[in-house]
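Protein chains in written order, with my numbering: chain G, 220 to 520; chain X, 856 to 1323.
Calculated from the structure, these hints are not laboratory results.
Backbone N, C-alpha and C define an ideal beta-carbon position, used for all residues, glycine too.
It cannot be assumed that every hint is accurate.
Claimed, not checked - Quick list of simulated restraints, FRET-style, between CB atoms:
| id | chain 1 | residue 1 | chain 2 | residue 2 | range |
| --- | --- | --- | --- | --- | --- |
| 1 | X | 1246 | G | 370 | 40 to 50 Å |
| 2 | X | 927 | G | 344 | 51 to 61 Å |
| 3 | X | 1243 | G | 370 | 40 to 50 Å |
| 4 | G | 413 | X | 931 | 46 to 56 Å |
| 5 | X | 949 | G | 344 | 28 to 38 Å |
| 6 | X | 1037 | G | 326 | 54 to 64 Å |
| 7 | G | 243 | X | 1079 | 21 to 31 Å |
| 8 | X | 1241 | G | 456 | 14 to 24 Å |
| 9 | X | 1281 | G | 307 | 53 to 63 Å |
| 10 | G | 413 | X | 895 | 48 to 58 Å |
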Amino acid sequence: MNNNDFDSGEPLPLNSAAVPRTASQKAAALKARLAKILAASGTGTAQPDDQPSHFTLGVDRIDTALRGNAGVDGLPRSALHELHAQSKDHRTSAAAMALLLAQRCRALQADRKPILWISESGEARRQGRLYPPGLAELGIDPSAILHVDAPDSIAALRAAADGVRSSAMSAVIVELAGKKPKGLDLTATRRLSLSAQKAGVLGLLLRCGSDADNPLPTAAFSRWQVAAAPSLALEANAPGHPAFDITLLRHRSGLYGLSARLEWNRDEQAFREQPGEGTPHAGAVPALAGVRADHPGMRAA
Amino acid sequence: MVIMAADRQAASLGLGPGMKLADARARVPDLLAFDHDPRADAHLLARLAEACERYTPLVAVEPPDALILDITGAAHFHASEDALAQDAEDRLDAAGYGAGWALAGTADAALALARHGLKEGAEAQLPVAALAMDDKTHQSLERAGLYRIGDLAERPRANLAARFGAELTLRLDRILGLEDRPIDPLRRVGNIVTERRFAEPLTHIDAALECLSELFAEAAERLNQRGQGARMVRMLLFRCDGDIARLGLETGAPTRDAALFQRLLRERIDALNDPLNPGFGYDLIRLSIVATDPLAPQQLRLAGGEDRQEDEVALVSQLSTRLGRERVQKFVPADSHIPEQGLLALPALSAPAPVAWQMQPSGDPPLRPLHMFDPPQRVQVIAEVPDGPPHRFTWRRKAHQVIRYEGPERIASEWWQRKDGQQRGNGGLTRDYYRVEDARGRRYWLFRHGLYGEEKANPDWYVHGLFA
């Protein structure tokens, strides 16, 4: 976690002069082999060189922890990730998290492709639909959103498969409700995941009302749980910036249990860890100390 | 009640339009009578007109009971023009409709001949009633000893015009073929129409789709020459038993890409409510480009780079074709301060160029929710009267303690939209919005509907949205 100070992609500059030429050739060959293996395992992808293969959350602690086998900070951009709302009450937070991750990913691209948002129409009617002015308030341009109102989960997954395949989008977010959405299985997610990898598109599977003890098996690269967290109050006890509790439930590199309380900073378009007690912050409320981010009880809550 | 129309059997019994129903019943006791439904008649006539598109693209409906087909230059698939007309009659007869027809140089002449059961060249024998003037004119013509069109044709036009008006001479000239009037065809014809006829009907759906793709490729070639791309494509598959399957396709941007067309066509076929049934086979397949937009002749992409604009268009078209155009949307801001009216979700196929949304630059937290309920959902709130913030609220049977709040943000109703809105009490209810956060960190957008005591004795509370 503390190997921040050298670039993981290159050999150490100090060593390169010292090692013999044959050794450097050997290293190059090994590196090529490693890249091949990583590409096959889905951790590394065939990306154009000018675009980074990974996107970060903007929080150093999390980003370095997410290195895993790939040796690059953050999460792979061309992969499928899964976000679970902790419960139905946390649907909005999970949706926001997905959109903000997509936004971070989109900001890396020079041509700023749009984001495809797919939801089931019944769920949107009951639980509230995406409100573009609210997107703008989070710093996401609503005109960059292509909204698909799918009649059911099968149509939603099919639309997502098309979106991921076409490489016209920077990210594809598909929102599915319920414990066992119809059509969502290992095959469907594997297909999404492979297409995402091939086309260089970020796929986000947003699950709301999923069974926390028994989530459906998927081929996603990582699985996160998202919940709303109390914000740091502003002046006059006004609700502050959006705050999230995120927990890493699964990661292809075997990481587990990473959790944090994040706050979205719209002006910098980045997350930051919410300062807890002892950290000076304008308007910080001491009463919040009881629910610290890395508190072991948080995930069970 | 009067008879408006009678079928062949009734006509053979001497019943006909204009006769009183009671008289007819007296003659034929077991007469079947139905209410006259002019709209259903018009609908049927329009459908017959569409079916006649197999003969010519220029088909006009002549209410209440006639169709005009401009078959100029369109008869080469039949032995002669008469054979074409006979074919139409046979087909109508097979479908159970009796039809009379006539061929003539002008639409009005043909119409008059057909209505009076005469054939081409017999214009002179038409009764003066064929002029379709009012009864008074017809009577006075007959009183003057002019019974037939032929009698009128010999008369000097000036005298007739002086006596009966210029309208009569105009109609006379039209029937005699000296004057023509343009017909109003059923539909604007697509600029580019390609079609294929089959001696042996196609019974395989895949063969038909393959044929459509080929037709599109042909049309694309012509579009390319004109510097245009297709926006809307209409396809007609004529089955040999007279049934017509129609398919429409719309694309998000002008295109000439046959591969894209093929993909969209597959989507369209999959999304059909009743699948295509070739039955005994298609004997004519026609594809017309109904709407086009300028599209510069194709330029090869440099260095094989992918054109993302094109990819996006293809994706939008594909999704719209499968799910319906209303389901694939782009957001456009609307000029209203009422929160739920501040946006439009337009079909992405026809959405205008992206408009800039208002972005808050400052360090404020979001003031508008990410999810919105439309309509807002009722909540029970404990709040101070008259205008205090909410302390507790119950939503979906769960109690929430408000820990933090901000507000009110007062949003007045659009009183200028209402009748007498400027007067007290008529302007609609004002909303007081609060951003609140509960003990578990969830953020809600609540509003009080109406000012306490002033607009409403006991205002209701609603939750309108959820913040991240």
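Which numbered hints fail | 5, 7, 9
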